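J.: Keeping their order, the protein sequence lines are chains B and Z.
Going letter by letter, the first sequence gives residues 1 to 320 in full-length UniProt numbering.
Going letter by letter, the second sequence gives residues 1 to 444 in full-length UniProt numbering.
Worth flagging that the hints you see were computed from the coordinates, not collected in a lab.
The model shown is predicted, which means the values in this text are computed figures rather than measured ones.
Cβ coordinates follow ideal geometry from the N, Cα and C atoms, glycine included.
Zero decoy hints are in this set.
Cross-link-like lysine-lysine pairs, in silico, PhoX-like; alpha carbons within 20 Å at most:
1) Z:K400 / B:K246
2) B:K57 / Z:K400
3) Z:K346 / B:K13
4) Z:K346 / B:K8
5) B:K57 / B:K32
To spell it out: a stretch of chain Z is covered by chain B in this simulated footprint if at least three of its residues, at any positions, have a beta carbon under 8 Å from a beta carbon of chain B; those stretches are:
6) 20-31
7) 65-79
8) 171-182
9) 205-213
10) 340-351
11) 383-395
12) 402-413
Negatives, chain B to chain Z, calculated, CB over 10 Å:
13) G19
14) F46
15) K50
16) F64
17) K69
18) R145
19) S160
20) P190
21) K201
22) T252
23) T293
24) S302
25) G309
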Amino acid sequence: MLPTDSNKALSFKRGIQDGDLVIVYERHDVMKPVKVTKDGVLQNRFGFYKHSDWIGKPLGTKVFSNKGKFVYLLAPTPELWTLVLSHRTQILYIADISFVVMYLEVVPGCVVLESGTGSGSLSTSLARAVAPTGHVYSFDYHEQRAACAREDFEMTGISSLVTVEVRDIQGQGFPEKLSGLADSVFLDLPQPWLAVPSAAKMLKEDGVLCSFSPCIEQVQRTCEVLRSDFIEIRTFEVLLRTYEVKEMKVETVAVIGESQDEEDNGGPRPSKRKHLSNNGDYAVSHDNSSNATSVVMARPCSEARGHTGYLTFARLQCLS
Amino acid sequence: MEQHNKDQVLSENNNNKCQDPNPRFTFEGCNVLLDVNDGDRLVFARLSGGSTLKIGNTKYSLKPLIGAPFGSLFQVETGEDVSFLSRILPVKKEESISNNVIEDSRDNRELIDNNEAQNLTEEEIETMRREGAKGDEIIEALIANSKTFDKKFQLSQEKYKLKKQKKYAPKVLLRRPFARSICEAYFKKYPARIGFLRVDALSLLLTMANVTAYSDVLVVDMVGGLVTGAVAERLGGTGYVCNTFKGNSPPSVDMVKMFNFTDKVIERIVQSSINDLSSAKTVLSPEGGVCNAEININESSTCDIVEDVSVTAEARVVDDVVPVSKVIKAPKAGAKASKEAVEMWKENGFSSLIMAAQDQDPWSLAKDVLPLLSYSAPFAIYHQYLQPLATCMHNLQQEKMAINLQITEPWLREYQVLTSRTHPHMQMSSFGGYVLSGTRISTT
Chain B
1 MLPTDSNKAL
11 SFKRGIQDGD
21 LVIVYERHDV
31 MKPVKVTKDG
41 VLQNRFGFYK
51 HSDWIGKPLG
61 TKVFSNKGKF
71 VYLLAPTPEL
81 WTLVLSHRTQ
91 ILYIADISFV
101 VMYLEVVPGC
111 VVLESGTGSG
121 SLSTSLARAV
131 APTGHVYSFD
141 YHEQRAACAR
151 EDFEMTGISS
161 LVTVEVRDIQ
171 GQGFPEKLSG
181 LADSVFLDLP
191 QPWLAVPSAA
201 KMLKEDGVLC
211 SFSPCIEQVQ
221 RTCEVLRSDF
231 IEIRTFEVLL
241 RTYEVKEMKV
251 ETVAVIGESQ
261 DEEDNGGPRP
271 SKRKHLSNNG
281 DYAVSHDNSS
291 NATSVVMARP
301 CSEARGHTGY
311 LTFARLQCLS
Chain Z
1 MEQHNKDQVL
11 SENNNNKCQD
21 PNPRFTFEGC
31 NVLLDVNDGD
41 RLVFARLSGG
51 STLKIGNTKY
61 SLKPLIGAPF
71 GSLFQVETGE
81 DVSFLSRILP
91 VKKEESISNN
101 VIEDSRDNRE
111 LIDNNEAQNL
121 TEEEIETMRR
131 EGAKGDEIIE
141 ALIANSKTFD
151 KKFQLSQEKY
161 KLKKQKKYAP
171 KVLLRRPFAR
181 SICEAYFKKY
191 PARIGFLRVD
201 ALSLLLTMAN
211 VTAYSDVLVV
221 DMVGGLVTGA
231 VAERLGGTGY
241 VCNTFKGNSP
251 PSVDMVKMFN
261 FTDKVIERIV
271 QSSINDLSSA
281 KTVLSPEGGV
291 CNAEININES
301 STCDIVEDVS
311 VTAEARVVDD
321 VVPVSKVIKA
331 PKAGAKASKE
341 AVEMWKENGF
351 SSLIMAAQDQ
361 DPWSLAKDVL
371 PLLSYSAPFA
381 IYHQYLQPLA
391 TCMHNLQQEK
401 MAINLQITEP
411 WLREYQVLTS
421 RTHPHMQMSS
431 FGGYVLSGTR
441 ISTT
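Given these sequences and hints, build the entire structure.
T.: In structure tokens, the structure reads:
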């Protein structure tokens, strides 16, 4: 997934190979991860697609089913992966992920601790940010979840950058061996305040901590604990509004100003206005003044995620 | 586990620059961000023996900050005849704020706004200062001489103390400039210079364009170098960030200087015109053209750093030592891309694209720039206006150049979290820009 392996990097020339992970793109909301194998077949509502037809083609091209319908094959990125991964837990989405990585000041070479691993959505983006020389240590108390995450990281090719361990961070804290080595720590736990003292021990001075909590009561308790060792404690909520773009034929009245003037001149205003709005359309009554033109217009989508969680950031005090 | 031995101040002799990619201590000549009084003011400064910071009417030397760890706190202290910045270690705050704040029945019913609450006169305070009273002592005296302090609601008392501390004992927090803090500082003070690109929108651009080590990122940066710098920060001295432009002269990427990049990172920041990148075969501009370009860069980069980095008008950071000869020896951010690199991009394509071109029509740029990307490469286009992005998205769809297209607008709200007093901030930024993202596809 990450171009740290130069023969996996994107290129006009590099064709899809046996063993590659690709994202099959039908629509922006219908995508699927597929491991390419010589004898593999993908089946969807458009028919079936033989993997052997894909091998050798560059990524980002159309491939056709036996019925002549096509899908696109894309190179996996952490963003596409977030959209297709199997949800073993509630996951973090792009707005929170982007903000967390930037606010934690994660750059190549950093050591980042994370708990819990969950479905590995954030871990993948953290790995991308610390590559090529840094490392992400991810902890989850759920054994099976940790195992699944390891498998996923193997499949996406980032396992050299992420270590997943089974550990109850709220109960036991982070392992002693990582003490003082972390540039940043990310907590997504039901009772994050229990893990704060251990996180403070792991962080280098001036290192940044982030705690993600859906409820404000969790934030409240976490902030109370943070105040003893941390400075610059700030809590944010970040959301995304998406837009619909459509080309539409709209009727335009060429001389709308003039026509109104004419009407204003005769008769009392209010009744005229009423008449216009009853009519519903300014254009109908006037010959040659109506004109249908195509306009590209945008408006916010009607539904959106209204809340994901609060992000609390804090910086470890510098005492040395 | 690798040992991360970064906790050392490396001071290189050749160009006086720290070559540690993630320094934890300041060094002479390094750029820092100074946070005065808990975010009231953010000031960029270059640390040298002669640089100063003005707080109120007094200039303070920044010399005590050299060699200090990032994250350390300084406070104004009054000495024999001058006041100076001195490092303070934070005292562990006992949880003084009792939880029964709500039960505190004092309120402001008896406060009369007639300016007679304070018994100390301005002259008396000045005398105390001249006699070397510490800021904290002045605050104590002010409280002791306030007729109304005891009548105040507990939280108002805290506010009062904080207000006086900011005036009589200002604090300066030393911060390492990251893309995050640079963007925040500019957004706060000069948002128009960075096209109103808020930090959450910048973070989206980097994410949506899949910026990571060893990638070749094409950027159209007309926001002063903020995007170029943010990309370079994520590349860590691998891959390339190539700034492309229409016409002959590349736009300035001066902001890149604030990141304290090592030479290794700076070498990876290059520029090349759209024409040079698009021409079918090696028809790079003739030698003369190359020279011109380089001269331009030299001129722009030797210009006074101080003007550019000072974020607040009233706080001018004075830097007496401008090491001109050293500047010229060090590699330049934004040198012309080598022929080899251009050839490589023509063959393989760029791995992603970020556009942040103020006052430009995104579609007319995108139609020329998008074909320079590999198939399946993600891109993110920033604009402060919605309509041109909508048109761009529509055209990309019509021409079947890209899929997975989406226009998003980030929304960011900060909260005050305090016992029994948690609520969103009273003021917020209501606009941080729009982002059009998508994936380039093969048209065949």
